[in-house]
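Novice: Each chain, letter by letter, is given below.
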Amino acid sequence: MATVEVSFTALPAHVRTARLVALAVARRAGVNEDLLDEVRLAVGEACSRAVGIHQSKAADTAVTMLLVDEQDQFIVEVVDVGPLESSVSPDDLDLDADALTAPAAPDAGTDPLPDLLPPGFGLAVISGLVEQMSVTSEMDGTHVRMTWPASDVMAPSAE
Amino acid sequence: MDLSLSTRTEGDRTVVTVGGEIDVYTAPKLREQLIDLVSSGNYDLVVDMENVDFLDSTGLGVLVGGLKRVRAHEGSLRLVCTQERILKIFRITGLTKVFPIHASVDEALAATD
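Residue numbers (the numbering used here), protein chains in the order written: chain A, 2 to 160; chain B, 926 to 1038.
Bound conformation, chain A alone:
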């Protein structure tokens, strides 16, 4: 088992760095090429969410990302200091298209619209994307854990 730990200041600019590191380690761990886009997106969502939480609650505390290369799996765990906002299910992705796209008030002007996608949306995207993921609330905060098979010689039926 090999582990890479990345700890970064909660700034949006560092999320890209986190994605790149995760991608490099995933590739090295033997995650199938077909899954790398999924790894990149899921890690990005998890880190963006953590950065957002830290910026509102604990801007001075670093976000931690653990990358674990086990024999036949690759695990990414992103830890933030915040409480879990709500339980997550793929149902959260069943957005009301009409509500989502109702016209903005014409006088909305140049003000940024408030968050257009519901809180927890990023996690819901991960759950819609990654077969094996879990979100747990622990003493030190919320852990988002995602697991991918890391050996392309494994038969698909092994799961």
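Hints should not be assumed to be uniformly reliable.
Stated by the list, open to error - Some but not every residue of chain B turned toward chain A, in silico, with C-beta under 7 Å:
no., residue
1, 949
2, 950
3, 981
4, 982
5, 986
6, 996
7, 997
8, 1010
9, 1017
Claimed, not checked - These stretches of chain A come out as covered by chain B in the derived footprint (C-beta under 8 Å, 3 or more residues):
no., region
10, 69-78
11, 126-133
FYI, nobody ran anything at the bench for these hints, they're computed from the structure. By construction, the Cβ of each residue, glycine as well, lies at the ideal position given by its N, Cα and C atoms.
Mind docking chain B on chain A? Use the hints.
Specialist: Just chain B, lined up with the frame of chain A:
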């Protein structure tokens, strides 16, 4: 790769060509561009995403925000995208029901529905 943005007018529509990565860091730049276009009277937008390498839910939020703004003026926001990795996030979030997605800029410019 950072975000690149350029705009051009085609008839009564405005084509926004986006390249690079749209994420939590770069999405505000795209949001500003869309706000600028709408506030200067461009309500029919075509966002060409063929050179977008990465799009996350922050980027989706900005596109939805753009759609809401143009709809306030009875306008439209069409996307051009054929890349499977980008289309996937629209599909899993159900946003394919919300955005008209076209295979080329020409197709998006010709679309009237």
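Novice: Now look at each hint and say whether the structure bears it out.
Specialist: Structure-based check of all given hints:
no., hint, in the structure
1, 949, "holds, 4 Å"
2, 950, "holds, 4 Å"
3, 981, "holds, 5 Å"
4, 982, "holds, 5 Å"
5, 986, "holds, 5 Å"
6, 996, "holds, 4 Å"
7, 997, "holds, 4 Å"
8, 1010, "holds, 5 Å"
9, 1017, "holds, 4 Å"
10, 69-78, "violated (count 0)"
11, 126-133, "holds (count 3)"
This entry does not satisfy hint 10, going by the numbered hints stated previously; all others are met.
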